[in-house]
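One letter stands for each residue in the lines below.
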Amino acid sequence: DGGITQSPKYLFRKEGQNVTLSCEQNLNHDAMYWYRQDPGQGLRLIYYSQIVNDFQKGDIAEGYSVSREKKESFPLTVTSAQKNPTAFYLCASTRPGATSGANVLTFGAGSRLTVL
Amino acid sequence: EDKVVQSPLSLVVHEGDTVTLNCSYEVTNFRSLLWYKQEKKAPTFLFMLTSSGIEKKSGRLSSILDKKELFSILNITATQTGDSAVYLCAPCLSSNTGKLIFGQGTTLQVKP
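Residue numbers (the working numbering), protein chains in the order written: chain A, 1 to 116; chain B, 1 to 112.
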């Protein structure tokens with residue numbers, strides 16, 4: 001079955017450590033996204049990538065970094081510069097464009113990061 | 001600045017009730033509006049609305065868009081406990097990027 005796999009589901013880290021969240025998709029989607037979800041704040045866009053080897057900052061990119069070396073993979077690193085990293089992180093992908101069904105994001109199951 | 005506001009933020013009803021969830025938006029380069037349901041983890045897609053006044057329907061759920069007044073509503077009739085979830089509204093800004101701006105979500109709890 002096609003879908004998006006995020007790992008790990010739960011992650012605990014000490015303050016000051018970098019952590020990398022994995023996101024893999026087998027939907028053959030060109031565009032991939034990382035969102036952060038905090039209680040009462042909906043989803044906020046961290047980074048997105050429309051094509052391999054290219055990515056753009058979203059609304060809250062500070063303290064995060066990404067790479068897009070393969071179409072299927074879009075890992076997110078939460079660096080020690082991120083002031084409040086404890087959150088639920090969602091990866092998504094889509095087929096951007098103007099055709100019917102385009103731009104419908106498919107989400108992974110999420111990774112919950114807790115910084116102790 | 002792009003802005004999406006959902007109301008109410010939370011709602012508690014009993015099975016069988018009908019609910020209306022609201023989403024108002026002010027965004028540049030509006031392309032379409034999407035509704036998602038989030039139960040525990042991954043949001044799942046409900047509707048995509050691109051034209052004003054055309055109701056989309058799926059079972060007990062329906063949704064409509066008003067591009068002049070910049071809002072959308074999601075209706076759920078004869079609610080069931082399985083409808084308990086967070087409902088997210090998200091305008092799509094551009095067909096080229098697929099970028100969505102999400103509202104805060106409405107948390108719906110349906111009691112037996």
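It is worth saying that the hints were derived from the structure and are not from the lab. Please read all numbers here as calculations on a predicted model, not as lab measurements. From the three backbone atoms N, C-alpha and C, an ideal C-beta is built for every residue, glycine too. It is possible that part of the hints are untrue.
[To be verified] Only pairs whose alpha carbons sit at most 27 Å apart, straight line, appear in this in silico BS3-like list of lysine-lysine:
no.	chain 1	residue 1	chain 2	residue 2
1	A	Lys-9	B	Lys-57
2	A	Lys-57	B	Lys-37
3	B	Lys-68	A	Lys-83
4	B	Lys-40	B	Lys-3
5	B	Lys-41	A	Lys-83
6	B	Lys-68	B	Lys-57
7	B	Lys-57	B	Lys-41
8	A	Lys-71	B	Lys-3
9	A	Lys-14	B	Lys-68
10	B	Lys-37	A	Lys-14
11	B	Lys-57	A	Lys-83
12	B	Lys-41	A	Lys-9
[Unchecked claim] A short list of chain B residues far from chain A (calculated; beta carbon distances all over 10 Å):
no.	residue
13	Ile-54
14	Lys-57
15	Glu-69
16	Ile-73
17	Thr-77
18	Gly-82
19	Asp-83
20	Thr-97
21	Gln-104
Evaluation of the provided hints:
Of the supplied pair hints, the one linking Lys-9(A) and Lys-57(B) is violated, its CA atoms being roughly 33 Å apart against a limit of 27 Å. Only pairs whose Cα atoms come within 27 Å are accepted, and Lys-57(A) paired with Lys-37(B) is accepted, the gap being roughly 26 Å. About 40 Å separates the Cα atoms of Lys-68(B) and Lys-83(A), which puts this hinted pair outside 27 Å; it is violated. Pair hint Lys-40(B) plus Lys-3(B) holds up; C-alpha atoms about 25 Å apart against a cutoff of 27 Å.
With a C-alpha separation of about 24 Å, the suggested pair Lys-41(B) and Lys-83(A) falls inside the 27 Å cut-off, and the hint holds. In summary, the hint linking Lys-68(B) to Lys-57(B) is supported, as the alpha carbons are separated by about 21 Å, within the 27 Å threshold. About 24 Å separates the Cα atoms of Lys-57(B) and Lys-41(B), which keeps this hinted pair within 27 Å; it holds. Under the criterion of a C-alpha separation no larger than 27 Å, the hint pairing Lys-71(A) with Lys-3(B) is inconsistent with the structure, at around 31 Å.
Under the criterion of a C-alpha separation no larger than 27 Å, the hint pairing Lys-14(A) with Lys-68(B) is inconsistent with the structure, at around 49 Å. The straight-line distance between the Cα atoms of Lys-37(B) and Lys-14(A) is roughly 33 Å, outside the 27 Å bound, and the hint therefore fails. Between Lys-57(B) and Lys-83(A), the direct Cα distance comes to roughly 43 Å. Violation of the 27 Å bound is thereby established for this hinted pair. Of the pairs offered as hints, the one joining Lys-41(B) and Lys-9(A) holds, with about 10 Å between alpha carbons and a cut-off of 27 Å not exceeded.
In this structure Ile-54(B) is separated from chain A by more than 10 Å, as the shortest Cβ-Cβ distance comes to about 14 Å. Its beta-carbon lying about 17 Å from the closest one in chain A, Lys-57(B) satisfies the requirement of being farther than 10 Å from that chain. Here Glu-69(B) stays apart from chain A, with its beta-carbon at least about 21 Å from theirs, past the 10 Å limit. With a cut of 10 Å on Cβ distances, Ile-73(B) stays outside the contact zone with chain A, its closest approach being about 18 Å.
Every CB of chain A is more than 10 Å from the CB of Thr-77(B) (nearest about 24 Å), matching its label as outside the interface. No Cβ of chain A comes within 10 Å of the Cβ of Gly-82(B); the nearest lies about 19 Å off, and the non-interface call holds. Separation of Asp-83(B) from chain A is adequate, the least Cβ-Cβ distance of about 19 Å exceeding the 10 Å criterion. The beta carbon of Thr-97(B) is not kept farther than 10 Å from every beta carbon of chain A, the shortest such distance being approximately 6 Å.
Annotated as non-interface, Gln-104(B) brings its C-beta within 10 Å of a C-beta of chain A; the closest such distance is 4 Å.
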